[in-house]
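**Q** Given next are the chains, with one letter for each unit.
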Amino acid sequence: MAVSTLPSASSRPKNPIQRLLGLSWPWRVTLGYLTIMLLLPVAALIAKASTETPAEFWRIATSPVALATYNVTFVTALIAALINAVFGVLIAWVLVRYEFPFKRIIDAAIDLPFALPTSVAGLTIATVYSDNGWIGSLLAPLGIKVAFTRLGVGVAMIFISLPFVVRTLQPVLHEMEKEVEEAAWSLGASQFQTFYRVVLPPLLPAILTGLALGFSRAVGEYGSVVIVASNIPFKDLIASVLIIQRLEQYDYSGATVIGTVLLGISLLILLAINLLQAWGRQYEL
Amino acid sequence: MSSSLAGKSFNPEISEPQAPTPARQKTWVKGVLIGIAIAYLSLVLFIPAFNVFVQAFKDGVGPFLGNLGEANFLHAAKLTFLIALIVVPINTIFGLCAAWVIARNQFRGRTFLISLLDVPFAVSPVVAGLMIVLLYGRNGWFGSWLEAGNIKIIFAMPAMVLASAFITLPFIAREVIPVLEEAGSDQEEAARTLGASDWQIFWRVTIPNIRWGLMYGVILTNARVMGEFGAVSVVSGNIAGKTQTLPLFVEEAYKQYATQSAFSAAVLLAFLAVVTLVLKEILERKTKIKDIE
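Quick mapping for you: the protein sequence lines, in order, are chains G and P. Per my numbering, numbering of the first sequence is gapless, rising by one per residue and ending at 285. Per my numbering, numbering of the second sequence is gapless, rising by one per residue and ending at 293.
Everything labelled a hint here was simulated from the structure, so no lab data went into it. Note that the structure is predicted; figures quoted are calculated from it, not measured.
Chain P residues, not near chain G, derived (Cβ > 12 Å throughout): (1) H75; (2) E181; (3) M215.
In silico DMTMM-like links for lysine to aspartate or glutamate, alpha-carbon gap of 20 Å or less: (4) K255/P with E248/G; (5) K242/P with E248/G; (6) K30/P with E182/G; (7) K280/P with D107/G; (8) K286/P with E181/P; (9) K30/P with E181/G; (10) K242/P with E70/P; (11) K30/P with E179/G; (12) K255/P with E70/P; (13) K286/P with D111/G; (14) K152/P with E248/G; (15) K103/G with E281/P; (16) K255/P with D131/G.
Derived CB-CB ranges, DEER-like: (17) W25/G with I36/P: 52 to 58 Å; (18) G32/G with E189/P: 26 to 32 Å; (19) V54/P with S230/G: 20 to 26 Å; (20) L40/G with I38/P: 43 to 49 Å; (21) D59/P with A278/G: 51 to 57 Å; (22) G109/P with R281/G: 17 to 23 Å; (23) L68/P with W279/G: 48 to 54 Å; (24) K286/P with R281/G: 24 to 30 Å; (25) L21/G with G69/P: 54 to 60 Å; (26) V96/G with E147/P: 54 to 60 Å; (27) L21/G with W203/P: 25 to 31 Å.
Ideal Cβ positions, reconstructed from N, Cα and C, are used throughout, including at glycine.
Starting from the given sequences, assemble the full structure and let the hints guide the process.
**A** Laid out in C-alpha cells, this is it:
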C-alpha cells in the first residue's frame, strides 16, 4: 500500500496504475525486485502464520520448548551484546586515541567476523574452546566447559557481533574534540569524572546503536551457534535451530509460528535502531 | 605527545595528593587499556582465526591438498562460485537502481523505503530460508504451479540463489547511496544539457563517480554470498555433491568427524575473508583520498 504511493510527484497522472507505468526504469527495477524478493516472502510467512487461530498461535509460540529457546536466544544475545558494548567502547577508544605497533592490522582485523563465513567461525570456536582446544584445555581444569554448552553459544554470539559497537563508535570518537576533555581536566575533574560526565554522554547514542545492531545480529545467528552448541532443548537450543528442527519434522506451522515471532522481534529491533540513529543525529554538528 | 598537553594546563592547587596528574595517570592507563583490548580481541577473535590456519596445515601441505582434491569438495567449490556469479550481478543492478531512486529523488515514504531495504539485515537467515520454503516449497504459495510445470526450486540451486540474493540485497545500495549523494547531480545535469542520453550519462558520469563505493559493495556482497550458511542450509537440502556449498561442506565434514577436510575448506573460506578485508581497506583508502581532493 505504502509502496504504491511512493512516487507522489505532482506532475504525474493521478491514477495509481498510470503512475506506476509512468515510472522510469530504476524505479521499476527497485519496486519490482523488492516486491518479489522481500515483500512476497514476508507476506507468505505472515499469511501462513495467520492460518492458525490466535489461540493456537499463542500455544505454539509459548510452548515450554519455545520459551526455553527464547531464553537462550535473547538472554544470551543480550549478554553477548552488553559484553561487546563494554569492550567495544574500550577497543574503539584505544584505536582512535592511542598509537601502538600493529594498530592498522588490528583495526582491519576487527571486520573479520563480517567477512568470515559463520560456519568457519563455529568450527574454529568449537575447536579452540573444546576440552582439548587451545583455550578450552586451560578452562577445563577449572570446571568450565564452553563448547557444546550455553557458554559456547555466548562466545559464538560475541564473535559475530564484535565489530558493531567498534565500527559505529569510531567515527563519532574521531569527530569529538579533545579540548572539551582537557577543559574538564583543567577544571579539576578526575579521569573517571571526565569520562563519565563529558566523554560518555555524546557517545551514548552510538553505543546503543551498536549494541542494538550487535544484539540483532546475535539473535538471528545460526551458522556458528549450530556448530558450537549441542542443540539440546532446554539447554542450549536457540530459536533459529528450533525452526530448522520443526521444518525437518515437516511441522510447517510450528516453524512458521516461531519464525513469525523471530521476524516480529527483528523488525522491532530495526525500528529501535532507526530511532536511535535519529537520536544520534542530534549530536552532529 | 597528547598527554603532555593535558598536564601543562593542570592546576596543582586543586589536585588532591592521591590523585596523580592526568599526564602521569594517562600513560599507565593507556598501557592497561591497550592490554585489555588486545587480550579481549585475542580471546574471541585472533586465536580462533589463527587456529583455522594451524589446524588446516597441522599434518603438512600434502593432506591439505589431498582434501581439496575430493569430488564433493570440488563440487561444493564450483557451486559456491556459480551462485556468486549469478547473485552478484543481479544484486548489483538492483543496488544501483535502488541507490539512484533513494539518492536522487525526494518523495513521500523515502525513509520507509530505506528502512525496507534494511530488513534483510535484521531478519535471521533461517527465517529468510523459511520464507522461501513457504513460497516455493511443495505446500507453498507457488508449490502446485511449480510442480505442474515440473520446476524444482526448493532443494535445488534456484532456491539457493534466491536465499543468497535475499541475504545480500541491501549491501550495494547501502554502499552506493552515500557516495551518490556526495557526488551530487551537477555533473549529470551538465552532461544532459550538453545533449548526452540517459545511458551515456550513466556510463560516462555516474559510474566513474561512484566506482569505488560500488566495488566495495560488490566485494562485500560476494563475500557474504560465498559465506552464507543459514539461509542456504534451510533451502538447499544439503546433499553432498549436489546442493552443497563450501560453508555447508565445512559443517557436514565437521559433523562426520572429518575435521581435517572441514578445516581445509575452512582455510579457503578464511583466505577469501582476508582477501575481502584487504580489498576493502584499499577501496576505503581510495574513497577517502577522493574525499580530501
